[in-house]
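> Chain by chain, the residues run as shown.
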Amino acid sequence: GAGVSQSPSNKVTEKGKDVELRCDPISGHTALYWYRQRLGQGLEFLIYFQGNSAPDKSGLPSDRFSAERTGESVSTLTIQRTQQEDSAVYLCASSLGAAPTQYFGPGTRLTVL
Amino acid sequence: TQLLEQSPQFLSIQEGENLTVYCNSSSVFSSLQWYRQEPGEGPVLLVTVVTGGEVKKLKRLTFQFGDARKDSSLHITAAQPGDTGLYLCAAFGGGNNRKLIWGLGTSLAVNP
Chain W
6 GAGVSQSPSN KVTEKGKDVE LRCDPISGHT ALYWYRQRLG QGLEFLIYFQ GNSAPDKSGL
66 PSDRFSAERT GESVSTLTIQ RTQQEDSAVY LCASSLGAAP TQYFGPGTRL TVL
Chain L
141 TQLLEQSPQF LSIQEGENLT VYCNSSSVFS SLQWYRQEPG EGPVLLVTVV TGGEVKKLKR
201 LTFQFGDARK DSSLHITAAQ PGDTGLYLCA AFGGGNNRKL IWGLGTSLAV NP
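Protein sequences appear in the order of chains W and L.
Going from the first sequence to our numbering is simple: count from 1 and add 5.
Going from the second sequence to our numbering is simple: count from 1 and add 140.
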């Protein structure tokens, strides 16, 4: 079946603009994660959705970052008033409930000029 | 703060050589995972180890979890160019914590 998909694959924006990144998880996966991967660094947890529970937003770096998820399907990560330090690859992953195996999408490479 | 330290950061070897990469921490983890990431793609899970001292083999890859569940190693026998990639270790803190803690990775290049 289809894996996790993300769009766009690349996004170039100007400092101060808002961007919206999309993630389509594997069908039936109730858990969804967003991560940020800066060049030369490991993955940084941003937010976690699990079913109808309140999301774990503890990794969001500032109030410019927000994410939503519609039921157990699509999620969008929004970054407002982008800054150059927001440049990174944003990865989405999904898993079946609390299962330890996370399946990652290919990521969105965000470049803020 | 729980940290996972990976070494070496970069490794370039010839096809057919053996190698070991390490993932170390001062914290105890309930389980630890190894991923491989290729350019332009997300990480792909290779293995999950959960028991101290556990050894798992995946073809030419051997994964070991330390007895104290604080460290892990990945050994590749007779490396192939297809093994080239970024090897990442990650761990759950335990309990209901579903956040993975990630190392910075070992970038491996296997030259033909």
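A portion of the hints provided could be inaccurate.
Claimed, not checked - SDA-like, lysine to any residue: derived pairs with alpha carbons at most 20 angstroms apart:
#, chain 1, residue 1, chain 2, residue 2
1, L, Lys-239, W, Gly-56
2, W, Lys-22, W, Thr-106
3, L, Lys-239, W, Thr-106
4, L, Lys-196, W, Ser-92
5, L, Lys-239, W, Lys-22
Hints in this document: simulated from the structure, not taken from any laboratory.
> Give a verdict on every hint.
Hint-by-hint comparison with the structure:
1. Lys-239/L - Gly-56/W: 16 angstroms, holds
2. Lys-22/W - Thr-106/W: The given pair, whose Cα atoms are some 35 angstroms apart, is violated under the 20 angstroms limit.
3. Lys-239/L - Thr-106/W: Roughly 12 angstroms separates the two Cα atoms, so the pair holds.
4. Lys-196/L - Ser-92/W: Roughly 37 angstroms separates the two Cα atoms, so the pair is violated.
5. Lys-239/L - Lys-22/W: 29 angstroms, violated
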